[in-house]
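*Asks:* Sequence:
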Amino acid sequence: DFIAMLSRTLSVPIDREDMFRVSRSIDDILDTLRDFVRLYDMFGIEGVQPEMLKLLDAIDDGTDNLEVAVHAMMKNPRNIRRAAITAKKNRVRHFYQDALAAVVNRELDNSSLKLLELFHKLNEAGASVILAADILSDGAVKRSH
Numbered sequence: 161d162f163i164a165m166l167s168r169t170l171s172v173p174i175d176r177e178d179m180f181r182v183s184r185s186i187d188d189i190l191d192t193l194r195d196f197v198r199l200y201d202m203f204g205i206e207g208v209q210p211e212m213l214k215l216l217d218a219i220d221d222g223t224d225n226l227e228v229a230v231h232a233m234m235k236n237p238r239n240i241r242r243a244a245i246t247a248k249k250n251r252v253r254h255f256y257q258d259a260l261a262a263v264v265n266r267e268l269d270n271s272s273l274k275l276l277e278l279f280h281k282l283n284e285a286g287a288s289v290i291l292a293a294d295i296l297s298d299g300a301v302k303r304s305h
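All letters in the sequence shown, in the order written, are residues 161 to 305 by our numbering.
Just so you know, these hints were derived from the structure itself, not from any lab. Watch out, some of these pointers could steer you wrong.
[What the hints assert, rightly or not] Pairs of lysine-lysine residues, derived as DSSO-like cross-links and limited to a Cα-Cα distance of at most 27 Å, are as follows:
hint	residue 1	residue 2
1	K249	K281
2	K249	K235
3	K249	K302
4	K302	K235
5	K248	K235
6	K214	K281
7	K274	K214
[Claimed, not checked] Computed Cβ-Cβ distance ranges for the label pairs, DEER-style:
hint	residue 1	residue 2	range
8	D298	V197	26 to 34 Å
9	S271	M234	42 to 50 Å
10	L190	P210	21 to 29 Å
Glycine residues also receive a C-beta, built at the ideal position from the N, C-alpha and C atoms.
Construct the entire structure; sequences and hints are all you get.
*Replies:* This is the structure we're talking about:
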C-alpha cells in the first residue's frame, strides 16, 4: 500500500513529453492571438465584427476548459479527460465557417480580404485549443486516468 501511494505521489499525471507538447500548444494559442491583434491594428479595422466576437468567445471558453484540465492534473487527474473533451467542444470551426460565408456572400473588396485573414487567425487559435485538449486527453489515457 505504501509503495502504491508513493508511486502515485511521485508520478506526474501525464508524461513530460505530453506536458511539453501541451505547453507548446498553449504558447501557439497565445502567439496566434497576438498575431490577430497585430493584424487587426495594422489593417485599421473599424469596430468589432459580430463574427469575431463569437470566435473570440468560443476560444475563451476553450481556454477556460483547458485551464480546468491543467488544474485537474494535480488535483484530480481523473477529471483531465472530461475537461479536455469539453475544451474540444468549442464551436470555433463552426463560427469560422459562418464568418467565411458571411464575407464571401457579399461584394468582395479590400476589407473582405482583411476580415478573411483575421478570421483565419482566430480559427488557427481554435485549432491550437483542440490540439492542446487532445494532448491532455491522450496523456491521461496513457497514464490510465
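*Asks:* All hints are to be evaluated individually against the structure, with a verdict given for each.
*Replies:* Cross-check of the supplied hints:
1. Proximity of K249 to K281 is assessed by CA-CA distance (about 19 Å); at most 27 Å being required, the pair is judged to hold.
2. Annotation: proposed proximity of K249 to K235 holds, straight-line Cα distance about 23 Å (limit 27 Å).
3. For the hint linking K249 to K302, the alpha-carbon distance of about 22 Å falls within 27 Å, and the restraint holds.
4. With a C-alpha separation of about 18 Å, the suggested pairing of K302 with K235 holds against the 27 Å cut-off.
5. Restraint check for K248 and K235: satisfied, since their Cα atoms lie roughly 21 Å apart, inside the 27 Å limit.
6. Taken as a hint, the K214 and K281 pair is honoured in the structure, with Cα atoms around 14 Å apart against an allowance of 27 Å.
7. At roughly 18 Å between alpha-carbon atoms, K274 and K214 fall within 27 Å of each other, so this suggested pair holds.
8. Taken as a hint, the range 26 to 34 Å holds for the pair D298 and V197, whose Cβ atoms sit roughly 31 Å apart.
9. Separation of S271 from M234 is about 46 Å and conforms to the stated range, judged on CB atoms against 42 to 50 Å.
10. Checking the proposed 21 to 29 Å range against L190 and P210 shows it holds: the Cβ atoms sit about 24 Å from each other.
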